[in-house]
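Q: Counted from 1, the sequence shown has number 522 at position 519 by the numbering used here; the numbering is strictly sequential.
No lab work stands behind these hints: they were computed from the structure. Think of the CB as a built atom: it goes at the ideal place given N, C-alpha and C, for glycine as much as any other residue. A portion of the hints provided could be inaccurate.
[To be verified] In silico DSBU-like cross-links for lysine-lysine, where the CA-CA straight-line distance does not exceed 30 Å:
(1) 410 / 359
(2) 295 / 235
(3) 441 / 512
(4) 51 / 410
(5) 250 / 382
(6) 366 / 454
(7) 465 / 410
[Said to hold, decoys possible] The following label-pair restraints were derived from C-beta to C-beta distances:
(8) 435 / 556: 18 to 24 Å
(9) 247 / 9: 41 to 47 Å
(10) 280 / 10: 50 to 56 Å
(11) 438 / 597: 51 to 57 Å
(12) 247 / 188: 41 to 47 Å
(13) 555 / 328: 29 to 35 Å
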Amino acid sequence: MSIETQKETLGFQTEVKQLLHLMIHSLYSNKEIFLRELISNASDAAEKLRFEALSNADLYENNGDLKIRVSFDEDAKTVTIEDNGIGMSRQDVIEHLGTIAKSGTSSFLSQLTGDQKKDSQLIGQFGVGFYSAFIVADRVDVFTRRAGAPVAEGVHWSSAGEGEFSIATLEKPERGTRIVLHLKEGEEEFANGWRLRALVRKYSDHIALPVIMQKDAEEGEEGEEKAKAEPKDETVNSATALWTRAKNEISDEEYREFYKHISHDFGDPLSWSHSKVEGNLEYSSLLYVPEKAPFDLWNREAPRGLKLYIQRVFIMDQADEFLPLYLRFIKGVVDSSNLSLNVSREILQKDPQVDKLRAALTKRALDMLAKLAKNDAEKYQAFWKEFGQVLKEGPAEDHGNREKVLKLLRFASTQSGSAEQTVGLDDYISRMQEGQEKIYYVVADSFNTAKNSPHLEIFRKKGIEVLLLTDRVDEWMMSHLFDYEGKSFQDVTKGELDLGEVENEEEKKAQEESAKELEGLVERLKTTLGDKVADVRITHRLTDSPACLVLGDYDMGAQMRRIMEAAGQPVPETKPTFELNPAHPLISKLDQEVDEDRFGELALVIFDQADLAAGGQLDDPAAYVSRLNKLLLELSQ
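The whole structure should be built from the sequences, with the hints applied where relevant.
A: Laid out in structure tokens, this is it:
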């Protein structure tokens, strides 16, 4: 055995200690997945070697036969997983086995709930599958050497899964990684050939690399004959890339396990789409929709993309050229025969075949979501809760698929009556009033603010449905939408309200008469409010409120303004139009007020109330309270 040198003991990150505790105490119900995770990591290591060897064949070290070996020792109570993939250097070992998915560490811990079942589902979202070894082992030894490094630069990492680990340098003739699990008392069942073979076939049959195990002695061999028999190896898994097989040969369970392999997610996928296309553009693809959003979903710079293969040769782990950014949650593989083997990231971006493949895969992903929405509304609603806000980036970023994305969007509305976003645009159009030509919506910071907006009063009276938009992305999204199925979009808080043929001539005539009767009041208010407003006018959009504030057709809404201000971005100065409800008693009282001071106080109170009802923030709340108190005292006298 090689002599170890440069041995040192290091402490785990605090976060790793917490993770190990969670691993050891929360996953007993599914402890057998440790083998799946370690075999998946070994497979990844082999794929990374293939990729690096494209530009440096010496990394194979005269052995290009890549495989994974699983072995066990019943007497020593150990299970060993070994690969001849890329391996790790000393620094790689410290970085990858002493820390957790770097950027995700704090996010991971912040999402822990204390509910063991729920917490265990988070683990797969943070790339920490190696630590599952400690579910069944009380000590783990890792022997590794990076491909191309000298034999003398092998590394031995060892830990009991508690507060620290040791690391030392040793000679390792073979490249790659060998992981030895020293099983806990009570876990001896895993040091068994039949048990391990069953787990490999259950969880890792889809691995493209052969998983090798020593074959049991032939039946009938006994005593000395059995002892003299040469050990024979056998490939336990099918060792065929799953996406290359015919769909009717693959079970749902195999699809689910393959998803867990490529995503390192402990949960099942929500849906998947498997296709093989022949012709001018030949490719196979297997796309998945996860059940849960990853922790870094909102980080648009985070690594993302599909696993790229060319004629079953692994090329890139996160090829982001094949799907638009708003579909960054899609996991899967794409295997093409049309791309050059010596591709680089720069070449991929300029290759016209990549553009064709991107268009095809984007269409396939959107069709998969459309099929899910049509066939299983409950599952689609679960998808929407996790990924809906990301999908809302689509209409602005992908004009070619705009209609497809719009069909997938879901909103809350005055018809649905709850904050849950379940209303599609097709649903909305099917319920439009006779003569209605527009899709009406309101944007607000919260569901209650939107639901109770005074701008909705006339719509309730007329029975016209209004979409209630409250996500941070909504106003930005709507600024890029103009029409759908021949119906234009209309923000009910902007511009003059025109309900078209929904209003009859008698109503329109009554509105004109009201505006004429209150011309004097309008002029007085313009003078009193001065530069606070762009205009003052009589409105028919209100039935219960005395007044409301309306923005110009092209003005930035309050939601987007607050988002930009919070980000330190400059925002254009805009002034609202002050609209009055001619039938409201307060407006009648205001019109009859002869005392100019009292008129001014009441006008400002009504103006500020309209601002608050729209979800606005007063420039001078103290002045508003003072005016209101003054009016209340006068009423009480």
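Q: Give a verdict on every hint.
A: We went through each hint and held it up to the structure:
1. A C-alpha spacing of about 23 Å is found between residue 410 and residue 359, which places the hinted pair at or below 30 Å, so the restraint holds.
2. The straight-line distance between the Cα atoms of residue 295 and residue 235 is roughly 43 Å, outside the 30 Å bound, and the hint therefore fails.
3. A C-alpha spacing of about 22 Å is found between residue 441 and residue 512, which places the hinted pair at or below 30 Å, so the restraint holds.
4. Our distance criterion of 30 Å between C-alpha atoms is broken by residue 51 and residue 410, whose separation comes to about 39 Å.
5. The suggested pairing of residue 250 with residue 382 holds, with an alpha-carbon distance near 22 Å, which does not exceed 30 Å.
6. Of the pairs offered as hints, the one joining residue 366 and residue 454 is violated, with about 35 Å between alpha carbons and a cut-off of 30 Å exceeded.
7. About 26 Å separates the Cα atoms of residue 465 and residue 410, which keeps this hinted pair within 30 Å; it holds.
8. Our hint of 18 to 24 Å for residue 435 and residue 556 holds, since their Cβ atoms are close to 22 Å apart.
9. Checked against the given bound of 41 to 47 Å, the beta carbons of residue 247 and residue 9, roughly 44 Å apart, stay inside it.
10. Checking the proposed 50 to 56 Å range against residue 280 and residue 10 shows it holds: the Cβ atoms sit about 54 Å from each other.
11. Between residue 438 and residue 597 the Cβ separation comes to about 43 Å, which falls outside the hinted range of 51 to 57 Å.
12. Checking the proposed 41 to 47 Å range against residue 247 and residue 188 shows it holds: the Cβ atoms sit about 43 Å from each other.
13. Between residue 555 and residue 328, the C-beta spacing of about 31 Å keeps the proposed range 29 to 35 Å intact.
Checked against the numbered hints above, the structure violates hints 2, 4, 6 and 11; every other hint is satisfied.
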